[in-house]
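Put together the whole structure using the sequences plus the hints.
2 protein chains.
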Amino acid sequence: MQSSHEQFRELAWKCGLAATHQRQVIYEAVVAMPGHYSPESIFAEVRRRTPSISLATVYKNLRLFVAHGLLREVSPHASTLLVEGNLEPHHHLVCTRCKAVQDIEGDFINYKKLSRHAPRGFDLTQPLVEVFGLCRRCSAKK
Amino acid sequence: MQSSHEQFRELAWKCGLAATHQRQVIYEAVVAMPGHYSPESIFAEVRRRTPSISLATVYKNLRLFVAHGLLREVSPHASTLLVEGNLEPHHHLVCTRCKAVQDIEGDFINYKKLSRHAPRGFDLTQPLVEVFGLCRRCSAKK
DNA sequence: TTGTTAGATGAGAATGATTATAATCCAAGA
DNA sequence: TCTTGGATTATAATCATTCTCATCTAACAA
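These protein sequences, in sequence, are chains A and B. Residue numbers for the first sequence follow this note's numbering, beginning at 1 and rising by one. Residue numbers for the second sequence follow this note's numbering, beginning at 1 and rising by one.
Incorrect hints may have been included.
[Claimed, not checked] Per label pair, the in silico range of CB-to-CB distance:
(1) B:Glu105 to A:Ser54: 14 to 24 Å
(2) A:His68 to B:Ser38: 23 to 33 Å
(3) B:Gln126 to A:Pro119: 17 to 27 Å
(4) A:Gly121 to B:Ser79: 22 to 32 Å
(5) B:Leu64 to A:Tyr59: 28 to 38 Å
(6) B:Ser52 to A:Gly16: 39 to 49 Å
(7) A:Ala67 to B:Ala44: 31 to 41 Å
(8) B:Glu105 to A:Arg9: 29 to 39 Å
(9) B:Ser52 to A:Glu105: 49 to 59 Å
(10) B:Met33 to A:His117: 20 to 30 Å
(11) A:Glu40 to B:Leu17: 33 to 43 Å
(12) A:Gly16 to B:Leu17: 54 to 64 Å
(13) A:Glu6 to B:Leu64: 54 to 64 Å
(14) A:Ala100 to B:Leu64: 15 to 25 Å
Note that these hints are calculated values from the structure, not bench results. Heads up, the beta-carbon is just placed ideally off N, CA and C, and yes, glycines get one too.
Below is the structure:
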């Protein structure tokens, strides 16, 4: 069984990226636990092990990892960046009011109907979906 | 048949809002044509008729109209605001690369399955969905 | 019609997340 | 070990949006 370090070195090598210490700790911070993480929270976490790291480096590498498919961007057009390490296809539930995001399982999309209504040439190879509603807390407030 | 002005005055009155000239022209700019509009584009449009109007007023009133259900926010957690006058329930297709948004018709969501997988208390009374893919232009570039 | 006032507007400053810049640094192949 | 192109850091810059507050006006009452 490979060490976590060796696993990352191999991933980086496949993507043609230098396996720097900073990239290592950023990647591991996201992948260590399931969940959705902001650049700031990753920065705070990573800083404990590598105090000299810069916030710009965190941003740059999160974008890079997402571009290479090592991480997933929680919402591809959200106002603030969130990343997750879970690469299994799954959808998200978003609260319209507080913008909280959570995973939602289940096969509730009819892909055949969906692609029938999509315009010509629109690539829905692996459609990801965001469902908007009101989370429990916000619908209680009302 | 009511004039457009009278229609707006009545809507404003129902919401308890003063029917100012600025609100009138902002509302009409969005509702006049189907489509998705940014605050800047509405500002540019509205300025032609009302040169003294302020961008802040446009933002403030778009948010207000959305809060009162007179307009719809295209994507409730997008990085930049877009509004539309079409209040008929419909979903959106978003390009992951260029973030372009277009309407998509069709009943491709299985609401029963969806609510079965949603957490307790999550309000999905009228779930709106955003589907991510690659628009034709972006998937051609690849 | 006029007076009163709560709410609305306008101009510009402030905010906050993200990206750009440029000097320094280091991973990786020779 | 040496070389070099890519990586990192600190900070400035950006940009959409919101805030502030002085001024103004729509709406109701007299």
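Each hint tested on the structure:
no. : hint                             : verdict
1   : B:Glu105 to A:Ser54: 14 to 24 Å  : violated, 47 Å
2   : A:His68 to B:Ser38: 23 to 33 Å   : holds, 31 Å
3   : B:Gln126 to A:Pro119: 17 to 27 Å : holds, 24 Å
4   : A:Gly121 to B:Ser79: 22 to 32 Å  : holds, 25 Å
5   : B:Leu64 to A:Tyr59: 28 to 38 Å   : holds, 33 Å
6   : B:Ser52 to A:Gly16: 39 to 49 Å   : violated, 55 Å
7   : A:Ala67 to B:Ala44: 31 to 41 Å   : holds, 33 Å
8   : B:Glu105 to A:Arg9: 29 to 39 Å   : violated, 48 Å
9   : B:Ser52 to A:Glu105: 49 to 59 Å  : holds, 53 Å
10  : B:Met33 to A:His117: 20 to 30 Å  : holds, 22 Å
11  : A:Glu40 to B:Leu17: 33 to 43 Å   : holds, 37 Å
12  : A:Gly16 to B:Leu17: 54 to 64 Å   : holds, 57 Å
13  : A:Glu6 to B:Leu64: 54 to 64 Å    : holds, 56 Å
14  : A:Ala100 to B:Leu64: 15 to 25 Å  : holds, 24 Å
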